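Undergrad: Here are the chains, one letter per residue:
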Amino acid sequence: MGYTLNFDAVWRSFDLLLAGLALGLALAFAAILLGCVIGLVTAFALLAKSRMARMPAGLYVTIIRNTPILVLILFTYFALPELGIRLGKIESFILTLAIYSGAYLAEVFRGGLLAIPPGLREAGLAIGLTEMQIRTSIIVPLMIRNVLPSLGSTIISLFKDTSLAAAIAVPELTFEARKINVETFRVIETWIVASLMYVATCTALAAIMRKVEQRLTVPR
Amino acid sequence: MPDHLLEIEDLHKSFGETEVLKGVDFTMDKGDVVSVIGSSGSGKTTLLRCINMLEEFEGGTIRIEGEVIGYTTAGGHRRRKPEKEIARQRALTGMAFQQFNLFPHMSAIDNVTLGLIKVKKLPKEEARAVAMRWLDRVGLGERAGHYPGQLSGGQQQRVAIARAIAMNPHLMLFDEVTSALDPELVNEVLQVIRSLAEDGMSMLLVTHEMRFAHEVSDIVVFMNDGVIAEMGNPREIFPNPSTRRLAEFLKTSSFN
Ligand SMILES: Nc1ncnc2c1ncn2[C@@H]1O[C@H](COP(=O)(O)OP(=O)(O)OP(=O)(O)O)[C@@H](O)[C@H]1O
Ligand SMILES: [Mg+2]
Numbered sequence: 001m002g003y004t005l006n007f008d009a010v011w012r013s014f015d016l017l018l019a020g021l022a023l024g025l026a027l028a029f030a031a032i033l034l035g036c037v038i039g040l041v042t043a044f045a046l047l048a049k050s051r052m053a054r055m056p057a058g059l060y061v062t063i064i065r066n067t068p069i070l071v072l073i074l075f076t077y078f079a080l081p082e083l084g085i086r087l088g089k090i091e092s093f094i095l096t097l098a099i100y101s102g103a104y105l106a107e108v109f110r111g112g113l114l115a116i117p118p119g120l121r122e123a124g125l126a127i128g129l130t131e132m133q134i135r136t137s138i139i140v141p142l143m144i145r146n147v148l149p150s151l152g153s154t155i156i157s158l159f160k161d162t163s164l165a166a167a168i169a170v171p172e173l174t175f176e177a178r179k180i181n182v183e184t185f186r187v188i189e190t191w192i193v194a195s196l197m198y199v200a201t202c203t204a205l206a207a208i209m210r211k212v213e214q215r216l217t218v219p220r
Numbered sequence: 001m002p003d004h005l006l007e008i009e010d011l012h013k014s015f016g017e018t019e020v021l022k023g024v025d026f027t028m029d030k031g032d033v034v035s036v037i038g039s040s041g042s043g044k045t046t047l048l049r050c051i052n053m054l055e056e057f058e059g060g061t062i063r064i065e066g067e068v069i070g071y072t073t074a075g076g077h078r079r080r081k082p083e084k085e086i087a088r089q090r091a092l093t094g095m096a097f098q099q100f101n102l103f104p105h106m107s108a109i110d111n112v113t114l115g116l117i118k119v120k121k122l123p124k125e126e127a128r129a130v131a132m133r134w135l136d137r138v139g140l141g142e143r144a145g146h147y148p149g150q151l152s153g154g155q156q157q158r159v160a161i162a163r164a165i166a167m168n169p170h171l172m173l174f175d176e177v178t179s180a181l182d183p184e185l186v187n188e189v190l191q192v193i194r195s196l197a198e199d200g201m202s203m204l205l206v207t208h209e210m211r212f213a214h215e216v217s218d219i220v221v222f223m224n225d226g227v228i229a230e231m232g233n234p235r236e237i238f239p240n241p242s243t244r245r246l247a248e249f250l251k252t253s254s255f256n
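Residue numbers (UniProt numbering), protein chains in the order written: chain A, 1 to 220; chain B, 1 to 256.
Just to be clear, a hint being listed does not mean it is correct.
Stated by the list, open to error - Okay, the calculated beta carbon distance ranges per label pair:
1) A:Pro118 with B:Arg244: 34 to 40 Å
2) A:Ala206 with B:Asn187: 44 to 50 Å
3) B:Asn168 with A:Thr67: 54 to 60 Å
4) A:Gly88 with B:Ser152: 58 to 64 Å
5) A:Phe14 with B:Ser152: 55 to 61 Å
6) B:Glu65 with A:Glu91: 53 to 59 Å
7) B:Asn168 with A:Glu91: 40 to 46 Å
8) B:Gly141 with A:Thr136: 26 to 32 Å
9) B:Thr72 with A:Pro118: 26 to 32 Å
Unchecked claim - Capping the alpha-carbon separation at 25 Å, the derived lysine to any residue pairs in SDA-like fashion look like this:
10) B:Lys84 with A:Lys89
11) B:Lys121 with A:Lys211
12) B:Lys30 with A:Lys211
13) B:Lys251 with B:Asn233
14) B:Lys81 with A:Glu122
15) B:Lys84 with A:Gln133
16) A:Lys211 with B:Lys118
17) B:Lys120 with A:Ile208
18) B:Lys84 with A:Arg135
19) B:Lys118 with A:Ala30
20) B:Lys121 with A:Val140
Claimed, not checked - Examples of chain B residues toward chain A, derived with CB under 10 Å:
21) Leu54
22) Phe103
23) Pro104
24) Val119
25) Leu122
26) Ala129
27) Arg133
28) Arg137
29) Gly149
30) Ser152
Simulated from the structure, these hints should not be mistaken for laboratory data. Just so it is clear, the structure is predicted and the values come from calculations on it, not from any experiment. Using N, Cα and C, we set each Cβ at its ideal position, and we do this for glycine too.
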């Protein structure tokens with residue numbers, strides 16, 4: 001026994017952890033933005049009349065949702081260059097997380113779209129709106145309101161997934177923590193601080209999502 | 001000879017194997033108020049929905065002011081018009097639905113201005129002025145900022161009517177607009193329709209309110225099993241129906 005906690009070494013490198021956290025947030029943010037676009041297009045394709053649209057969308061969702069994300073990350077980073085597609089670590093990770101989140105968001109959005117009464121689209125058509133105008137002014141805004149609660153938890157879990165970028169040496173929080181751990185041997189201290197940083201960030205994200213939800217709630 | 005406002009020729013419509021409209025012929029002119037009555041499943045809603053292309057139809061033609069709706073026929077081939085063209089034609093008519101179908105995330109006035117801005121391309125301020133005029137007209141000027149969820153069924157339906165009429169359609173289609181309402185809210189909506197009729201608005205309305213149909217319509221159309229079984233002035237055909245089906249239908253419909 002006799003292990004005394006000493007956080008000095010961790011505090012000395014705290015700015016590294018902060019930078020790692022910031023990078024993780026940036027990765028998640030970029031991936032989610034891209035993922036939302038992919039997810040939205042896929043969700044509409046999943047609900048399309050034409051089989052030619054539904055088939056590839058369904059295939060994409062099935063494949064991605066049934067492959068571990070770590071495998072996807074390693075595949076994009078190590079296997080794609082073999083096929084002549086060379087990406088930097090960060091680009092590679094963002095792309096992977098975007099494709100991964102796109103499949104999950106597609107399912108979330110699909111549920112949100114199904115909950116919209118078809119009469120609203122018809123009311124839009126009846127006043128002369130085009131399908132595209134109906135999507136942008138009516139369907140998507142309502143869908144977003146429908147999915148906000150699950151969108152919040154998806155965003156948080158995607159942020160946590162950025163820790164997997166450590167596997168390809170992207171210097172985000174987990175990667176930096178491991179480095180400090182190796183350099184200082186302050187195992188417990190380092191991981192306690194890193195964990196608390198994740199917890200605090202996720203809690204803050206949840207609070208922000210709740211605020212957004214409140215703002216977008218339609219008065220009744 | 002000027003074109004009729006609405007001219008329907010031999011309209012056929014099926015859902016899969018089931019033929020729902022079996023050759024409907026009908027014309028009405030500007031300013032006419034026409035009620036469509038008939039038992040459940042006779043095809044009234046489907047007829048209205050074909051007129052604004054919410055349903056596709058396989059046979060026959062519909063013309064509004066002489067313009068063929070929805071399809072072009074060239075070299076014996078019938079093709080659906082491009083979506084932009086159909087959207088423009090849909091704006092020739094306005095429709096009010098049984099379930100109101102207001103956009104729930106928009107205030108009453110935004111529901112009305114949406115089409116004015118996106119379809120009519122009016123500047124925002126002008127759109128708001130037009131919308132306010134119509135909300136006042138249906139008695140809801142003071143509720144312009146309310147969301148659908150904050151309005152009663154009758155109020156929502158009046159906003160929905162204002163939303164349709166503000167687009168300045170040449171023909172208004174009403175599909176059982178009072179059927180989803182509590183009885184005490186029916187009158188405020190009928191009153192709005194009555195006053196629009198008095199102003200000379202051309203309208204085609206599906207209704208189960210026989211007394212109202214009798215009172216406001218120039219013509220009543222009785223649909224039975226996918227065809228128009230009888231039509232005429234309600235003051236003539238209600239007391240003296242010439243088909244047995246209409247006589248039976250009138251007997252089972254309440255006049256209250
Ligand atoms: N989308 C659809 N798919 C299949 N069948 C349909 C569809 N819409 C309507 N029908 C059928 O077409 C027939 C006519 O329906 P429609 O809604 O036009 O009747 P209606 O006269 O308006 O009846 P109601 O008074 O009950 O409103 C009915 O038998 C109905 O079941
Ligand atoms: Mg009906």
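Undergrad: Look at each hint and say if it fits the structure.
TA: Each hint, compared with the structure:
1. A:Pro118 with B:Arg244: 34 to 40 Å: Given about 38 Å between the Cβ atoms, the range holds.
2. A:Ala206 with B:Asn187: 44 to 50 Å: 49 Å, holds
3. B:Asn168 with A:Thr67: 54 to 60 Å: 55 Å, holds
4. A:Gly88 with B:Ser152: 58 to 64 Å: 59 Å, holds
5. A:Phe14 with B:Ser152: 55 to 61 Å: With Cβ atoms ~59 Å apart, the hint holds.
6. B:Glu65 with A:Glu91: 53 to 59 Å: 58 Å, holds
7. B:Asn168 with A:Glu91: 40 to 46 Å: Between B:Asn168 and A:Glu91, where Cβ atoms are some 53 Å apart, the hint is violated.
8. B:Gly141 with A:Thr136: 26 to 32 Å: 29 Å, holds
9. B:Thr72 with A:Pro118: 26 to 32 Å: 27 Å, holds
10. B:Lys84 with A:Lys89: Roughly 45 Å separates the two Cα atoms, so the pair is violated.
11. B:Lys121 with A:Lys211: 34 Å, violated
12. B:Lys30 with A:Lys211: 52 Å, violated
13. B:Lys251 with B:Asn233: 18 Å, holds
14. B:Lys81 with A:Glu122: 18 Å, holds
15. B:Lys84 with A:Gln133: 11 Å, holds
16. A:Lys211 with B:Lys118: The given pair, whose Cα atoms are some 30 Å apart, is violated under the 25 Å limit.
17. B:Lys120 with A:Ile208: Measuring from Cα to Cα gives roughly 38 Å; hence the hint is violated.
18. B:Lys84 with A:Arg135: 15 Å, holds
19. B:Lys118 with A:Ala30: Violated, because 31 Å separates the two Cα atoms, which is more than 25 Å.
20. B:Lys121 with A:Val140: 21 Å, holds
21. Leu54: 5 Å, holds
22. Phe103: 5 Å, holds
23. Pro104: 6 Å, holds
24. Val119: 4 Å, holds
25. Leu122: At about 13 Å, which exceeds the 10 Å cut-off, the nearest Cβ of chain A leaves the hint on B:Leu122 violated.
26. Ala129: 18 Å, violated
27. Arg133: B:Arg133 check fails; min Cβ-Cβ to chain A is 17 Å, beyond 10 Å.
28. Arg137: Hint on B:Arg137: violated, closest Cβ of chain A at ~17 Å, above 10 Å.
29. Gly149: 3 Å, holds
30. Ser152: 12 Å, violated
Of the numbered hints listed earlier, those contradicted by the structure are 7, 10, 11, 12, 16, 17, 19, 25, 26, 27, 28 and 30.
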